[in-house]
Amino acid sequence: MPAYHSNLMDTNTKLVGNMALLPLKTQFKGPAPKETKDSDIIDEAIYYFKANVFFKNYEIKNEADRTLIYITLYISECLKKLQKCSNRNQGEKEMYTLGITNFPIPGEPGFPLNAMYAKPVDKQEEETMRAYLQQLRQETGLRLCDKVFDPQTDKPSKWWLCFVKKQFMNKSLSAPGQ
Amino acid sequence: MRLFIMIQGIAIRESAGVGDQAQRRLMRGVDDLDFFIGDEAVDKPNYATKTEPPLNTPENREYLAEIMFETFNVPGLYIAVQAVLALAASWTSRAVGERTLTGIVIDSGDGVTHAIPVAEGYVIGSCIKHIPIAGRDITYFIQQLLREREIGIPPEQSLETAKAVKERYCYICPDIVKEFTKYDADPGKWIKKYRGINAISKNEFLIDVGYERFLGPEIFFHPEFANPDFMQPISDVVDEVIQNCPIDNIVLSGGSTMFRDFGRRLQRDLKRVVDARLKLSEELSGGRIKPKPIEVQVVTHHMQRYAVWFGGSMLASTPEFFHVCHTKKDYEEYGPSICRHNPVFGIMS
Chain G
1 MPAYHSNLMD TNTKLVGNMA LLPLKTQFKG PAPKETKDSD IIDEAIYYFK ANVFFKNYEI
61 KNEADRTLIY ITLYISECLK KLQKCSNRNQ GEKEMYTLGI TNFPIPGEPG FPLNAMYAKP
121 VDKQEEETMR AYLQQLRQET GLRLCDKVFD PQTDKPSKWW LCFVKKQFMN KSLSAPGQ
Chain D
1 MRLFIMIQGI AIRESAGVGD QAQRRLMRGV DDLDFFIGDE AVDKPNYATK TEPPLNTPEN
61 REYLAEIMFE TFNVPGLYIA VQAVLALAAS WTSRAVGERT LTGIVIDSGD GVTHAIPVAE
121 GYVIGSCIKH IPIAGRDITY FIQQLLRERE IGIPPEQSLE TAKAVKERYC YICPDIVKEF
181 TKYDADPGKW IKKYRGINAI SKNEFLIDVG YERFLGPEIF FHPEFANPDF MQPISDVVDE
241 VIQNCPIDNI VLSGGSTMFR DFGRRLQRDL KRVVDARLKL SEELSGGRIK PKPIEVQVVT
301 HHMQRYAVWF GGSMLASTPE FFHVCHTKKD YEEYGPSICR HNPVFGIMS
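Residue numbers (this note's numbering), protein chains in the order written: chain G, 1 to 178; chain D, 1 to 349.
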């Protein structure tokens with residue numbers, strides 16, 4: 001079977017740029033609507049992460065896939081930071097910091113996938129996009145801590161850290177060397 | 001028949017337990033053959049079967065005949081194509097009426113995998129496809145995964161550790177995401193321990209064997225995991241061969257086809273690809289052409305690992321064998337060119 005795609009796209013979903021503005025189950029503030037179903041796009045991305053990260057080629061089937069790709073790349077960034085954390089508390093703090101750190105959005109030079117993502121058309125869309133991406137980052141970081149830290153030893157599990165070096169689609173959100 | 005010699009491996013039926021040692025000294029040239037066959041063949045010569053890869057040149061066969069008749073003094077020689085012998089070996093898992101020398105042989109060893117279509121015992125050379133994924137690539141991939149996660153494996157032994165893990169614990173799964181979830185939910189059941197000995201310090205080292213159990217063989221179906229230049233899954237390659245030569249019977253041979261459920265997964269993926277293709281052609285024709293469904297069948301059997309040897313052994317045990325062998329008398333009379341052509345036999349019509 002080919003790489004895993006998102007199943008959450010539907011015709012009512014709003015778009016920001018050409019990314020789907022999918023609902024999230026989160027306490028963090030932002031433009032995302034509240035998700036009423038069991039699982040949201042972040043759950044999906046984490047579920048598919050270990051398999052998807054091996055793929056070097058990925059075909060975008062719908063806009064929700066773009067959201068999925070961004071979250072997958074962000075998970076790799078989180079793992080790099082979590083590798084250096086010695087306990088869950090420190091991990092959660094690092095994730096919070098990483099989530100709100102200044103990051104490039106589609107259209108800006110630092111963003112690695114400008115070829116596939118549309119630049120926001122006006123200031124308002126740009127603000128929405130930045131706020132949505134920040135919401136995604138913060139919530140993903142928090143949920144990852146749940147999965148990565150082993151409750152018994154309070155240390156990050158090697159079954160997640162072994163994916164640190166793997167690059168989904170051979171791309172990374174941070175520059176080489178970071 | 002006491003001796004069966006193959007270009008890629010030596011299996012000696014009744015003599016000295018040379019077995020493993022033989023395997024390690026393969027392919028190093030004719031001088032080595034002397035070591036194995038040595039005095040036995042020269043003193044009590046027996047008819048020999050040699051195998052050759054498909055698309056072998058007639059000159060190679062002549063050279064082979066020269067060595068066998070002159071150096072080893074065999075009274076008779078038959079040179080068989082490996083793929084045809086693999087098909088013969090598959091007869092062990094079929095009813096007598098269904099025995100055929102027509103099929104697509106998927107031969108996967110350590111170096112390379114081939115898909116070879118054979119019709120009535122003759123290889124259709126122009127339709128042979130190569131896949132650059134085989135046992136060695138799976139071992140390297142597993143080595144990389146282990147290195148990124150486990151500590152304690154002595155660096156010089158990492159390749160042999162990966163090989164041992166591959167042979168002992170690997171299998172093919174139907175879906176990798178579900179498999180990852182299974183492993184994360186119940187690690188005690190799925191994650192195995194491998195115990196190795198450090199060759200220098202003689203101490204034991206213990207490692208966990210996890211995702212590589214199913215990720216290793218998965219590269220047959222997703223070559224991009226391990227090879228940046230090749231992306232076609234094995235099911236797509238076999239589908240291409242089926243399109244060029246409409247044969248629905250697929251036989252596996254070689255050590256790297258021994259992964260548990262390899263046949264089942266290949267059959268499932270092939271069926272999907274074939275069905276999708278037929279459906280597309282039906283749609284494109286506006287529903288006018290209804291293609292006949294192709295029932296793809298992948299045959300697996302006990303002797304897959306040594307299928308070529310086993311097929312050779314079976315065919316050489318039939319009385320017909322003596323009639324098709326080239327005799328030393330003919331060699332002396334007519335020369336090595338008699339061995340350029342070896343007729344197909346063994347089908348009960």
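A hint or two may mislead.
Unchecked claim - Ranges of calculated distance between the beta carbons of each label pair, as one might list FRET restraints:
no., chain 1, residue 1, chain 2, residue 2, range
1, D, R260, G, K61, 31 to 41 Å
2, D, E320, G, K61, 55 to 65 Å
3, G, K158, D, H130, 45 to 55 Å
4, G, K80, D, P246, 49 to 59 Å
5, D, S93, G, K80, 15 to 25 Å
6, G, D154, D, S93, 48 to 58 Å
7, G, A115, D, H130, 49 to 59 Å
8, G, N89, D, S158, 33 to 43 Å
9, D, T102, G, A115, 15 to 25 Å
10, G, D38, D, P174, 22 to 32 Å
11, D, S281, G, K61, 19 to 29 Å
12, G, P151, D, A164, 38 to 48 Å
To be clear, the hints were calculated from the coordinates, so they are not data collected in a lab.
For each residue, glycine too, the CB sits at the ideal point set by N, CA and C.
Status of the hints after comparison with the structure:
Distance hint check for R260 (chain D) and K61 (chain G): the Cβ-Cβ separation is about 32 Å, which falls inside the suggested range of 31 to 41 Å. At about 57 Å, the beta-carbon gap between E320 (chain D) and K61 (chain G) stays in the expected band of 55 to 65 Å. Taking the beta carbon of each, K158 (chain G) and H130 (chain D) are about 37 Å apart, not inside 45 to 55 Å as hinted. In this structure the supplied range 49 to 59 Å holds for K80 (chain G) paired with P246 (chain D), their Cβ-Cβ distance being about 51 Å.
Judged by the Cβ atoms, the range 15 to 25 Å given for S93 (chain D) and K80 (chain G) is violated: they are separated by roughly 50 Å. Take D154 (chain G) and S93 (chain D): their Cβ atoms lie about 53 Å apart, and the range 48 to 58 Å holds. The hinted window of 49 to 59 Å between A115 (chain G) and H130 (chain D) is violated, with their beta carbons roughly 33 Å apart. N89 (chain G) and S158 (chain D) have their C-beta atoms about 35 Å apart, which keeps the hinted 33 to 43 Å range intact.
Separation of T102 (chain D) from A115 (chain G) is about 48 Å and departs from the stated range, judged on CB atoms against 15 to 25 Å. Taking 22 to 32 Å as the suggested C-beta distance range, the pair D38 (chain G) and P174 (chain D) conforms, at roughly 24 Å. With their beta carbons about 23 Å apart, S281 (chain D) and K61 (chain G) fall inside the hinted range of 19 to 29 Å. The hint said 38 to 48 Å for the Cβ distance between P151 (chain G) and A164 (chain D), and at roughly 33 Å that hint is violated.
Violated hints, listed in ascending order, are 3, 5, 7, 9 and 12; each of the other numbered hints is respected by the structure.
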